[in-house]
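Chain by chain, the residues run as shown.
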Amino acid sequence: MTALLEVEDLRVAYGKIEAVKGISFSVEAGQVVSLIGTNGAGKTTTLRTLSGLIKPTSGKITFDGQVLNGIPAHKVVSLGMAHSPEGRHIFPKLTIAENLQLGAFLRKDKDGIEKDIQRAYDLFPILGERRKQAAGTLSGGEQQMLAMGRALMSQPKLLMLDEPSMGLSPIMMQKIMETIATLKAEGMTILLIEQNAQAALSLADHGYVLEVGKIKLSGTGQDLLHDDEVRKTYLGED
Amino acid sequence: MNELPQQLADGLALGALYGLIAIGYTMVYGIVQLINFAHGEIFMVGGFGALSAYTILPDGTSLLLAIPVMLIGGAVVSVAVATAAERFAYRPLRGAPRLAPLITAIGLSIVLQQLVWGFYPGAKSPVSFPEFTGDSFQILGSLHISRADAFVLAAAPLCMLALGVFVSKSRSGRAMQATAQDPDTAKLMGINTDRIIVMAFAIGAAFAAVAAVAEGLDKGQIRFEMGFLLGLKAFTAAVLGGIGNIYGAMIGGVLLGLAETLSIAYVEHIPGMAQFGGGAWKDIWVFSLLILVLLFRPQGLIGQRVADRA
Chain H
1 MTALLEVEDL RVAYGKIEAV KGISFSVEAG QVVSLIGTNG AGKTTTLRTL SGLIKPTSGK
61 ITFDGQVLNG IPAHKVVSLG MAHSPEGRHI FPKLTIAENL QLGAFLRKDK DGIEKDIQRA
121 YDLFPILGER RKQAAGTLSG GEQQMLAMGR ALMSQPKLLM LDEPSMGLSP IMMQKIMETI
181 ATLKAEGMTI LLIEQNAQAA LSLADHGYVL EVGKIKLSGT GQDLLHDDEV RKTYLGED
Chain E
1 MNELPQQLAD GLALGALYGL IAIGYTMVYG IVQLINFAHG EIFMVGGFGA LSAYTILPDG
61 TSLLLAIPVM LIGGAVVSVA VATAAERFAY RPLRGAPRLA PLITAIGLSI VLQQLVWGFY
121 PGAKSPVSFP EFTGDSFQIL GSLHISRADA FVLAAAPLCM LALGVFVSKS RSGRAMQATA
181 QDPDTAKLMG INTDRIIVMA FAIGAAFAAV AAVAEGLDKG QIRFEMGFLL GLKAFTAAVL
241 GGIGNIYGAM IGGVLLGLAE TLSIAYVEHI PGMAQFGGGA WKDIWVFSLL ILVLLFRPQG
301 LIGQRVADRA
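Quick mapping for you: the protein sequence lines, in order, are chains H and E. For the first sequence, the UniProt record's numbering begins at 1 and goes up steadily by one. For the second sequence, the UniProt record's numbering begins at 1 and goes up steadily by one.
Check the hints yourself; a few may be wrong.
Pairwise CB distance ranges, derived in the manner of DEER restraints [to be verified]: (1) E/Ser168 to H/Ser169: 44 to 52 Å; (2) H/Lys55 to E/Trp285: 46 to 54 Å; (3) H/Gly128 to E/Gly95: 35 to 43 Å; (4) E/Leu294 to H/Lys55: 50 to 58 Å; (5) H/Ile126 to E/Leu115: 18 to 26 Å; (6) H/Pro125 to E/Arg171: 24 to 32 Å; (7) E/Ile302 to H/Ile71: 38 to 46 Å; (8) H/Ile71 to E/Gln33: 54 to 62 Å; (9) E/Leu294 to H/Ser169: 20 to 28 Å.
Just a sample of chain E residues kept apart from chain H, beta carbon distances all over 12 Å, derived [stated by the list, open to error]: (10) Ser125; (11) Asp182; (12) Met189.
Since the hints were made in silico from the structure, they are not lab data. Predicted, not measured: the structure shown is a model, and the values here were computed from it. Idealized CB from N, CA, C, for every residue including glycine.
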């Protein structure tokens with residue numbers, strides 16, 4: 001069986017500086033795959049390249065049997081890839097409901113969209129309570145919920161989450177991680193990027209450790225959690 | 001001393017004209033952060049497009065029938081030139097340092113002026129435009145509104161209303177807001193931001209064409225360089241209102257029009273200011289107003305500070 005997402009020898013550069021130096025990994029349907037690594041490891045660059053915001057210098061991205069290289073970002077969404085970006089990037093002056101509707105921008109099924117908006121409110125009740133409020137007035141954690149809810153509105157085959165726990169309180173972080181677990185239980189395929197290695201690896205079927213643009217380690221989430229080097233570098237243990 | 005209500009009405013008509021042009025600056029800036037200094041020329045070619053459309057009508061066509069044809073002719077030319085400029089001059093420079101597209105815009109403005117000057121028959125001097133003659137409307141007793149002023153006073157609010165509904169209610173309008181707030185994330189929603197940018201240029205150009213028809217009907221002539229000062233004033237209006245905000249552009253335009261008309265009428269009556277009054281000083285007062293507003297509200301009257309946009 002071929003994987004839902006297959007990345008082969010991907011290289012990405014900003015001018016002369018190469019940020020991603022030939023990485024390969026894959027995501028099987030139904031899996032949660034985590035990419036962990038420190039700042040500047042190339043995690044966000046990798047995700048932005050997958051969704052078409054950045055052009056790779058070389059390498060091949062295959063998603064759901066289709067080569068993505070050269071396909072512009074706004075078309076990648078229609079193939080079933082949703083990207084919740086680092087720093088949330090909700091549309092601050094639009095309401096919560098409008099943000100969610102934009103997540104379903106390419107869908108035509110009005111009833112289905114309404115149903116999915118309701119589902120987002122069920123998943124995150126606070127969003128439902130504030131649906132008419134400008135999204136910029138939400139707290140960081142609430143904005144993260146909105147960003148995730150918005151990404152789900154496109155009915156993706158693959159949900160990519162870039163640092164969903166960044167800057168959140170421990171309680172909010174836990175809530176977000178629980179939601180990811182819920183989505184996983186429902187069978188959603190997720191590519192998760194995190195600095196919070198403990199949380200990301202606990203949820204992951206498979207994990208990759210990225211270091212200065214290269215994959216340094218890979219294995220099942222549990223294997224990596226028990227790896228000495230990972231424990232030392234990413235979990236802060238001696 | 002002229003009556004104040006008449007001055008206000010004249011100022012309002014002038015302001016509506018500025019506002020219509022200012023929309024083009026503010027929409028493009030709101031989405032791609034480009035000051036399209038060629039927009040004054042987009043306005044100007046709209047005037048020549050309208051005139052061309054008029055000349056192919058049979059002689060003796062009534063002006064009321066001709067105006068819709070002129071509006072369409074002007075809008076077609078303005079939109080075509082603006083979208084071509086976006087496609088071939090500005091799009092290749094997206095991502096280049098801010099100065100590059102700015103200089104390109106100034107260059108484009110000169111090129112468009114010279115093209116019209118060189119190739120439009122008779123455009124080396126002012127070209128006559130069908131003037132909106134006929135009795136002015138008399139309302140509220142002594143208030144006179146010329147037909148050309150009535151045209152712009154009706155057209156500007158209609159255009160604003162249509163734009164407001166489009167931006168806040170339609171799917172494309174919402175995509176436009178999303179693109180203005182966060183273009184990369186808009187792409188992640190599946191929005192073709194290139195198309196949205198073209199749309200912003202096109203709407204601004206169509207409004208400029210409406211303004212050009214209004215200006216032609218009022219003055220009875222159009223000139224190849226008419227976009228320069230009017231464009232600059234409209235840009236001032238957009239900044240005054242808060243560039244990037246469509247309602248701000250109209251408010252800024254109206255304010256500017258009122259300031260201009262009132263300064264012509266009243267400054268010379270202020271004791272000791274007699275030599276600073278009249279038409280010759282109007283631009284001094286208008287731009288002084290801009291400087292004053294920017295000193296106290298750099299973001300414009302209803303604009304947001306850049307830090308708030310992040």
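Structure-based check of each hint:
1. E/Ser168 to H/Ser169: 44 to 52 Å: 34 Å Cβ-Cβ, so the 44 to 52 Å window is violated.
2. H/Lys55 to E/Trp285: 46 to 54 Å: 52 Å, holds
3. H/Gly128 to E/Gly95: 35 to 43 Å: 39 Å, holds
4. E/Leu294 to H/Lys55: 50 to 58 Å: At roughly 40 Å between Cβ atoms, H/Lys55 and E/Leu294 fall outside 50 to 58 Å, so the hint is violated.
5. H/Ile126 to E/Leu115: 18 to 26 Å: 58 Å, violated
6. H/Pro125 to E/Arg171: 24 to 32 Å: 27 Å, holds
7. E/Ile302 to H/Ile71: 38 to 46 Å: At 40 Å between Cβs, range holds.
8. H/Ile71 to E/Gln33: 54 to 62 Å: 26 Å, violated
9. E/Leu294 to H/Ser169: 20 to 28 Å: With Cβ atoms ~41 Å apart, the hint is violated.
10. Ser125: The claim holds: E/Ser125 sits with its nearest Cβ about 48 Å from chain H, beyond 12 Å.
11. Asp182: 5 Å, violated
12. Met189: The claim is violated: E/Met189 sits with its nearest Cβ about 5 Å from chain H, within 12 Å.
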